[in-house]
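For the record, the sequence lines run as chains A and B.
One point on numbering: in the numbering used here, the residue at position 103 of the first sequence is 103, and numbering is uninterrupted.
One point on numbering: in the numbering used here, the residue at position 54 of the second sequence is 54, and numbering is uninterrupted.
Please keep in mind that the hints were generated in silico from the structure rather than gathered at the bench.
Simulated crosslink set (BS3-like; lysine-lysine; CA at most 27 Å straight-line):
#1 A:Lys-171 - A:Lys-71
#2 A:Lys-71 - B:Lys-109
#3 A:Lys-171 - B:Lys-106
#4 A:Lys-171 - B:Lys-98
Residues on chain B that point at chain A, a partial pick, calculated with CB under 8 Å:
#5 Leu-10
#6 Leu-15
#7 Leu-82
#8 Ala-89
Glycine included, each C-beta is placed from N, C-alpha and C at the ideal position.
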Amino acid sequence: MLDLQILLIFMIVGALVAVRTKDLLSSVIAVGTVGLGLSLAFLILKAPDLAIAQLVVEILCVIILIRATIKKDLPFSASGRWFFNTLVTLIFLAVFLIYGYFCMKDLPQFGEPIMRVAQNFISNGLRQTGAANLVTAVVLDYRAYDTLGEATILFTAVVSVLAVMRRIGRKK
Amino acid sequence: MSVYFLCLVLFSIGLYCILRKRNLIKIIIGIIITEYAVNLFFVLIGYRMHGRAPIHAPDQEVLNMVDPLPQALVLTAIVIGLAVTALIASIAIRVYEKYGTFDITKIRKLKG
Numbered sequence: 001m002l003d004l005q006i007l008l009i010f011m012i013v014g015a016l017v018a019v020r021t022k023d024l025l026s027s028v029i030a031v032g033t034v035g036l037g038l039s040l041a042f043l044i045l046k047a048p049d050l051a052i053a054q055l056v057v058e059i060l061c062v063i064i065l066i067r068a069t070i071k072k073d074l075p076f077s078a079s080g081r082w083f084f085n086t087l088v089t090l091i092f093l094a095v096f097l098i099y100g101y102f103c104m105k106d107l108p109q110f111g112e113p114i115m116r117v118a119q120n121f122i123s124n125g126l127r128q129t130g131a132a133n134l135v136t137a138v139v140l141d142y143r144a145y146d147t148l149g150e151a152t153i154l155f156t157a158v159v160s161v162l163a164v165m166r167r168i169g170r171k172k
Numbered sequence: 001m002s003v004y005f006l007c008l009v010l011f012s013i014g015l016y017c018i019l020r021k022r023n024l025i026k027i028i029i030g031i032i033i034t035e036y037a038v039n040l041f042f043v044l045i046g047y048r049m050h051g052r053a054p055i056h057a058p059d060q061e062v063l064n065m066v067d068p069l070p071q072a073l074v075l076t077a078i079v080i081g082l083a084v085t086a087l088i089a090s091i092a093i094r095v096y097e098k099y100g101t102f103d104i105t106k107i108r109k110l111k112g
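The following block holds chain A by itself, in its conformation from the complex (with noise of 0.2 Å):
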């Protein structure tokens, strides 16, 4: 798997930019490297539908961000309390850190999966819902409250925003 290790690299390093350039418009675009990457690596992984998915959001992303970047600066204040930030910081990425190591070691081993549920979906899933394509099936048949409580969340995460931007009615 050396070249999914290589593009893993590659979103690390744009996530680093990203989080490192101090003009906002270039760490945008730096997340969306990080995004395309991270649809290529979707299909390394054997996950068509979640590369297109990936793809088509990463650029919405980056738009909407652009967006709420362009044309405004950045006023950066050095003064406030650096220094218990910076040790607050530390100590959540450290034991973090610390967890996650103990918790990797319980994981399945990279490539050999625990498919209990999905063995039951790959033999059977044809036959039963009549999709090719098991993903779907899954999201539409197996798991479609899922996909129903997705729908609302996108109704009402649209109602807001058209709330939040308005611009009849505000008061001044």
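With chain A fixed as given, assemble chain B onto it according to the hints.
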């Protein structure tokens, strides 16, 4: 180097960005990076070595498919992530219109 470890590093970078930066757009970027890392981790868990995409072919029996269940869950999570990002970005735009800054230490006056 394990791919799980690289994924954990990516998550840590996003977490650092959320906790340490004081610019609203940088915090949104940290949330996006964290979300990417979690999505990637789910798909990594379900990958089978030398597997094939979970799509049935017309006249052949495929035995070594990758796990379709995490892919379906991540497909939901990607779309919800876009909705959440749009909502946070719109709130950030409104905050900039109101206060003239993205700095979270300057945004402290509560006015309706």
